[in-house]
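K.L.:
Using the sequences and the hints given, assemble the complete structure.
Here are the chains, one letter per residue:
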Amino acid sequence: METNNNILEIKDLSVSYTVANVVTHVLEKVNLTVPKGKSVGLVGESGCGKTTTMRAILGVLPSNANIESGEILFNGTDVLKMPYNQLQEFRQTGAGLIFQDPSSALNPVISIKKQFLTSLKYAHKDKNYSSAQLYDKAIEALNAVSLADPKRIMNSFPFQLSGGMRQRVCIAMTLAGEKELLLADEPGTALDVTIQDQILRLIKNLVETLDLSVIMVTHSLGVIRQVTTEVNVMYAGSIVEGGDTHQVFEHPSHPYTIALMDCLPKLTGTGISEGIPGRIPDYDHPPAGCRFYPRCTYALDRCKSEVPGKTIVEDDHWVACFAAEEGKVCPK
Amino acid sequence: MSEVILELKNLKKYFPLPGGQSVKAVDGVSLKLFKGETLGLVGESGCGKSTIAYTVVGMYGATEGEIIYKGTNLAQKGYKRNLQQKGEIQIVFQDPGSSLNSRRNVGKSLELPLKIHTKLNKQERQDRIDELLELVGLPVDFKKRMPRNIGGGERQLVSVARALGSNPEFIILDEPTSALDVSVQAKVISTLIHLQEKLGLSYLFITHDLSLMRNVATRVAILYLGRLCELAPTAEFFHRPLHPYTQMLLSSIPVATDEEEKVKPAQIISEGEIPSPVNVPSGCTFHTRCRDCMDICKVEVPVMIEIEPSHYVCCHKFKEGEPIAAEVE
Amino acid sequence: MTPERKESIVRNWYKFSAGGASVVGLIIVIVIIILAIFAPIIAPYPEDAGAVVKFSESKLPPSSKHLMGTDTMGRDVFSRLLFSLKGTLLMGVLVLAISVPIGFIVGVLAGYYRDTWIETVLMRIVDIFLSVPALVLALAIASIMEPNLRNSMIAITIMWWPWYARLTFGVVSSLRTENYITYAELTGAGLGHIIVKEFLPNTIDQILTKMTLDIGYVIIMGATLSFAGLGEQPPIPALGNMINDGVKFLPDMWWLTIFPAVTIILIVLGFNLVGDGVGNIFNVEGN
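Chains A, B and C, in that order, give the protein sequences.
For the first sequence, position 56 (counting from the first letter as 1) is numbered 56 according to the numbering used here, and the numbering increases by one without interruption.
For the second sequence, position 295 (counting from the first letter as 1) is numbered 295 according to the numbering used here, and the numbering increases by one without interruption.
For the third sequence, position 31 (counting from the first letter as 1) is numbered 31 according to the numbering used here, and the numbering increases by one without interruption.
Just to be clear, a hint being listed does not mean it is correct.
[As the list claims (entries may be wrong)] Stretch-level coverage of chain B by chain C, calculated; a stretch enters the list once three of its residues show a Cβ under 8 Å from a Cβ in chain C: (1) 111-120; (2) 251-265; (3) 300-312.
[What the hints assert, rightly or not] Here are some chain B residues pointing at chain C (derived, C-beta under 8 Å): (4) G87; (5) M294; (6) I296.
No lab work stands behind these hints, which were simulated from the structure alone.
C-beta atoms are modelled at their ideal positions from N, C-alpha and C, and glycine is treated no differently.
P.N.:
Here is the structure:
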């Protein structure tokens, strides 16, 4: 096994779905790396394959999904080839998930204490902790997510807590489970912005102080910028641009990223573009070359048939685009 | 000043709860909407922004106060408004999934306001539907499509076209793009802006998205727990937010670029949660989360003052006629 | 036919026929309908549908001459069976044709005026009907009227509409707060528009599915009444009274009972399978 500092490596992952005899090619050679102790963003609009990627990582793809190629290495072991027992263990102890909607992640009729301890029992099943030890761990985690009065929280039911508190409880559960990798699916986007801000700062803090590794999956560029150090921009099932978050957002180089940034209403009041013409291609017959080709204003002839490789733009910033490779993409 | 289309005077809407308490969704809001402008009504959940929209459009009658539309008070009427008033005040809802009947095609949905509010015959109605679709930038053959076969943004544009069917002067936009992707949102917003210029419409734009309002609104109003905190022309509002809540909101927005980061007020750590609108805090409702909370804030409800021309703020920190302290700039 | 329409038919057929069983059901139903319509032509002894007595032929077991044997009066069971189909199907169709609109109107009004006295009154009436066992109610109603096919239909209709009222009420009260309904109200649409153009298209799926499933149950109910002597009166053949006639001669003259009973089972099975298929079309569409 090669030694590296990556907790998660997705290599050339292609996934398709079969629905009523129609094959939809959703993920196309996705590559994504999460270094230990870093938070990495996966950003894209609805239907771009974010959820499929996340499900693939957790090994919970629906039964009509086919993995056509690639591997997902978690600490060097391929999640896709794990036998059931090992996969189960990986889900219990390896990766934790933070849902978008904290109200549906917790069972409303079971007390927080019970849910918390059950999840910890599985997360630490090989360590033989006593209930009291688990309880202490839970309290400790609730303190870490800055929830006041953790004992009262443990004895309450989810419906007695506000959305922000529930989200914190969910984060505390994954923290106390000492999971190595945190998957955050649109964290806080179901909450109000002042509450979301608190949650995002909390996650950022935890990453820095506890050396957590996080994949943040979201549609919000702002959330990515605030929390992650690296970003992957996904369009129609492939990652089109990636690298250091700051570099990517300050100098977007893929025509899609540029167009997306133009659509984003800015606090500076520079106006909004007219949107990106066209829509995401049908996955049953995706374009043969670059998948953004039909909507791209910089499209070249070769984009139609050839899939662009990575071009380095800055020291830690790459883009998959022929036009950018030839220096023909010039953002405003 | 240009013509006032709509004026809310001390509008209140309480929803009674079993046990004698009530949810004070809107608790004394006064504002004016001028012809041809977009007034952004911004706030977080539970602030009453949607309740204001629904009361203005007539889904329910107000508990107290006035809604003056073209000189007539519509506050208590609810559904009992006359047909002309129903046609003139239109609304576009937030959820693209539920604003169109999934069992009726786009053309039929668009025909409804034409049947009720115009005297067009069948053929003329079909022509008008084509015209409406073109107005919102959709192809004419959309009228044969079913809502499930078109995208969320397109469905919202159909809702806009439907609202235009009765030739309104004023449209309430209730978070029309909050369920959409930004690239789709951009298309809907730019269409709304074009329509406003072309038809001289006035919008009451309900949203939680301040960045969007920066680019769309003529004036921005901030609501917190059923009361207005601040109301100012957009440029002024973002240049010099005065109310502590406005500042907290602005500094909470996750932005995507460095330039925007510079526009945000100095990082104000957002804290606390929004109290329940059943038990609103005494005095200034924001005092429980305010970093500048003074003793007076806990007991006395502040009043709205015009601190600068057309910049209104509702906070004990500011006194009418007194200059704004330098620290808030 | 537009390509879109054609595609939707193909898709719906795909969903309908997905399990295979629904196609079998459809074939059964079609065959029975054809037999019912063409009974006078197909029946080998059409005159046996009436009060004919042929002692020489009585009580004959099934043979090539009498496929299902003959009854005590020497009438051909197969012919009588064919003639009884029309009344049987008519029972299913007519009862639903009357009870569904009544149930829909009651349900849609109760759902639209949810949380008002209108809902309370309408739905409590529905509850009263639903709280009495269906068969007991139908028997009670039928027994106070003159026993014939029409009155047994009325009895079944009276106990059947509340089910549709409740079904419609459930759907409509969940759609009540949909924005398109609110929009229609706000822009000044009348109650007629809202019921017919907005609620009906959204309820029709569930109603149609339940109807295809229900035809079978209505037929059983009709046969039960006729078995109890409260439906079609002899000598007019009905599946229920044929079974009733035959029961006395079990097990020796088994053909008198078995063939009508199997026919009922087939009809109910056929409609149920079709109902499942129809449900598949709509359920998948709805998701």
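K.L.:
All hints are to be evaluated individually against the structure, with a verdict given for each.
P.N.:
Here is how each hint holds up against the structure:
1. Coverage of the stretch 111-120 of chain B by chain C holds. Counting CB-CB distances below 8 Å, 4 residues qualify, and the rule asks for three or more.
2. Coverage of the stretch 251-265 of chain B by chain C is violated. Counting CB-CB distances below 8 Å, 0 residues qualify, and the rule asks for three or more.
3. Check result for the stretch 300-312 of chain B against chain C: violated, 0 residues qualifying (beta carbon to beta carbon below 8 Å, three or more required).
4. The closest approach between the C-beta of G87/B and any C-beta of chain C is roughly 7 Å, which is under the 8 Å cut-off, so the hint is satisfied.
5. This hint is violated: M294/B has a C-beta 43 Å from the nearest C-beta of chain C, more than the 8 Å allowed.
6. Hint on I296/B is violated. Least Cβ distance to chain C is approximately 42 Å, over the 8 Å limit.
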